[in-house]
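Novice: Assemble the whole structure, with the sequences as input and the hints as a guide.
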Amino acid sequence: MAPAFSDILRITSTLLMLMLLTFCMGATNLEAQVGGLANDEVEALLEVATQLGKKGWNRNMNLCNDTVLPPKQEDNKVVCNCSFPGGVCHVVAIYLKRQDLDGSLPKAIQKLPHLKELSLWANYLSGNIPPEWADTKLELLSLGVNRLTGKIPSYLGRITTLRFLNIENNMFSGTVPPELGDLVNLENLTLSANNLSGELPLALANLIRLKELRLSRNNFIGRIPEFIQSWKQLDALEIQAGGFTGPIPSNISLLTNLTDLRISNLLGKGSEIPNLDPIAGIKMLSNCNLTGKFPEYLTVKAKLKIFLCCIIPLHLPPSLRFENRDLSFNRLSGPLPENYDGLQSLEKMKPVECLGACSADRYSVHINCGGPAATIGKTTYEADDEPGGAAKYVSTRRDWQKSTTGHIWDVKSSSDSYIAQNMSILRMDNSVLYTNASLTPLSLTYYIPCLVNGNYSVKLHFAEIVMRDNRSYYSLGRRVFDVYIQNIVVLKDFDIVTKARGVDKVYIHNYTALVTNGALEIRLHWAGKGTTRSPEKGTYGPLISAIDVESDFAPPNSGRRKRFIIAGAVVLPLFLIFILLFSLWWKGYLGGRKPRDRELVGLDLVTGIFTFRQIKAATNDFDAANKLGEGGFGCVYKGVLSDGTQIAVKQLSAKSKQGNREFVNEIGMISALQHPNLVRLYGCCIEGKQLLLVYEYMENNSLAHVLNKGNPGNEAGLAYKAEDMCKGYMAPEYALYGYLTYKADVYSFGVVALEIVSGMNNVRFRRDENFVCLLDWVLYLQKNGDIMEMVDPRLGSAFNKKEVVRMINVALLCTNQSPALRPTMSTVVSMLEGKTDVEELVMVPSTLCDQSGYATTLCNKFAQASFNGSSSENMSLMKSSEGPWTASSSSSTQDIYPVHIK
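Mature numbering (1 follows the signal peptide of the UniProt record, and there is no 0) puts the sequence shown at residues -32 to -1, 1 to 870.
Worth double-checking, as some hints may not be accurate.
[To be verified] Below, a list of computed lysine to aspartate or glutamate pairs in the DMTMM-like style, where the Cα atoms sit at most 20 Å apart: (1) LYS105 x GLU155; (2) LYS751 x GLU737; (3) LYS505 x GLU42; (4) LYS22 x ASP70; (5) LYS200 x ASP150; (6) LYS200 x GLU155; (7) LYS584 x GLU655; (8) LYS346 x ASP516.
Note that these hints are calculated values from the structure, not bench results.
Specialist: Written as structure tokens, this is what we have:
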């Protein structure tokens, strides 16, 4: 049965109604998208907020605040772009700065495909950068001032759209991944204030579009890479305390677009300052170990003010501090140009000389740094509330002085910027000391003059009152500096918060300082470490709250001092009288102490006098380890005087009568002899039973020691180099008795050479009754053509006859009676080495006569004098003799250095 027309009409109407309802519902959903944010991005934003720890976002609020990108200074914005087809809005930027967010970096960022800029600067975020971000199209990524850890992920190199990347002031570690070199569109890269290490990868040379690069406050190694020349568009380069080693690459001069160059605290040895003339924007080259002449072009490019006051740290090389440039703590030299404005050149003066005269001695000083005068218990702290400056010297008081140096970078500063203030109520003991603090961006020095020399207990009070919030991003700032006391580093890389275990907490550092020049210096110095842009720009540099200086010894009592002066006025004259009487008794004029020996009476000493205490100290109380040897005179010790002079000390044996005569002979004769090759007698000591002679120390020891270096059984005993054999061996026993000519050392060497060849002692030589000395016998053999008989029989046949004959002939040339006929020592050495022919022997006839002639008389006279031991005879012999006599190894002057070598 066919349906009725009415049924068809009813069915058609129902379908039309359903279609209309469906269309209306679709139009409603379309309106939800047109002119608003897409639902999927709304959900993504809510997910981002959850992962960040962001509170207050929900589905019912309009999360898009703008339709155009705001300035980067915006702190809490989500920016949408609604110019897409159909009027649909998409998130293009998120700025959540200084929001104290304590979550992690959100993976949901990947769900915002149109996001170009993300700034999460200065929060409390942890973890690392999610790998999901590698698929984004970010152009700006700012994650600085957070708690991000781990290595910089290599997949960051896949975000090739990045133009700005800032991850400074986190805790990233490890090396910089070479994949960052794939960010070819990068214009700004900031990696400062992390724990990055290793060398910069070569792949970074690909970043040819870089305009800003900041690598400061890391632990990089190696030199600043040469490939910096690839960054020719670079406008700002900052490498402060980055860990790099100098020198600065010379090709830095190719970066002519630089308007902001800051390099400081390079490690390694010094290097000359490179050519920086093409660079206009030099702001800092501090502590780079730069040497060479100070370049004048630095003063031509801008009108500068230079501060070179004696209060700017003087223990370092010339410290140059400009109004807009910092070249401090380098080693630049040369005259400074005369066109400098405001130049004060007092750098050669010591700090104490800059402080003026002292009105009274001081034993303590207490300073409330940056604050007013205060009294705590019995201690009064002096005020230190005068404003500082970029280069300010405060000298309004005599008790102490202060200097501040350094300009706060990147912010407008005033004199109040050098005093920190905490206006809130501090819940700590003695809070008046910590409400204010003195600070400076570079160097802060306190000079305390007029102190009595001695040890002082120094207390340095610190409290962090600037980076105060323990939870917020403020606590992520790190104030790191060094503290010097008396130019000694007592705190290295010092962090107040770490030591005090929090902000608004006190740390007191105790140190014992030695004052030797009447002044104490306390210096706080920023070495480029820590942070400079968090919690705010310019928040860095040394800070100190108070200083206590107390002597470790009690100051004298004024009443007691008066009594001491009165007692001294009475006792001192009596003491002087006692000293006079004791001296007379000591010398035997009052029948007291007898001279040790008659030989010492009336001896007119012409040499220096040493005390027994000095010699004991020099020889370490005659330590056996310092004993060089001993002879008939006594023991010989090596010693070192207080000024570092090395000496040899002869100690007279208490049982030796012969030693007494030697003592007299050596002082009486040797002290009167002066010769360039004669060992010097510095002086003597006569105290009680102690008789000591102090000689110049000879490193080469004695002749016996030289002979022991070679084996008498082979050629080494004869072939020992002449310059080594004779150097330092013209000791008094080889000196001349009588007239000492300049060539006396040549004569002495000749006798030594004969002793070496024969193995005999000149004075102790007793061939037979016809010969009284070695030279007499050698002349006899030479005259009769039997010269080889004198060769030491212990050598047997193991020697070179030609060398022996040469040495004997050279020795005879040296012992010629006439000084004019003796060769020079340089000629002697040349002849012995075979480089020069031996000169013809020309002897004065009197020396070639028989044993009743001159030579025999010479030996007899000397032997008689030396064995007699009488100082009067020896001295008369010296005065009456005209010839050059020698006394090799004589008993009157036993070896200065040991006969028996240890």
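Novice: For every hint, state whether the structure bears it out.
Specialist: Checked hints:
1. For the given pair, LYS105 sits about 16 Å from GLU155 by alpha-carbon distance, which is consistent with the 20 Å threshold.
2. With a C-alpha separation of about 19 Å, the suggested pairing of LYS751 with GLU737 holds against the 20 Å cut-off.
3. Taken as a hint, the LYS505 and GLU42 pair is honoured in the structure, with Cα atoms around 16 Å apart against an allowance of 20 Å.
4. Only pairs whose Cα atoms come within 20 Å are accepted, and LYS22 paired with ASP70 is accepted, the gap being roughly 8 Å.
5. At roughly 18 Å between alpha-carbon atoms, LYS200 and ASP150 fall within 20 Å of each other, so this suggested pair holds.
6. For the hint linking LYS200 to GLU155, the alpha-carbon distance of about 12 Å falls within 20 Å, and the restraint holds.
7. This hinted pair checks out: LYS584 and GLU655 have alpha carbons roughly 12 Å apart, not beyond 20 Å.
8. With a C-alpha separation of about 13 Å, the suggested pair LYS346 and ASP516 falls inside the 20 Å cut-off, and the hint holds.
In this structure, none of the earlier numbered hints is contradicted; all agree with it.
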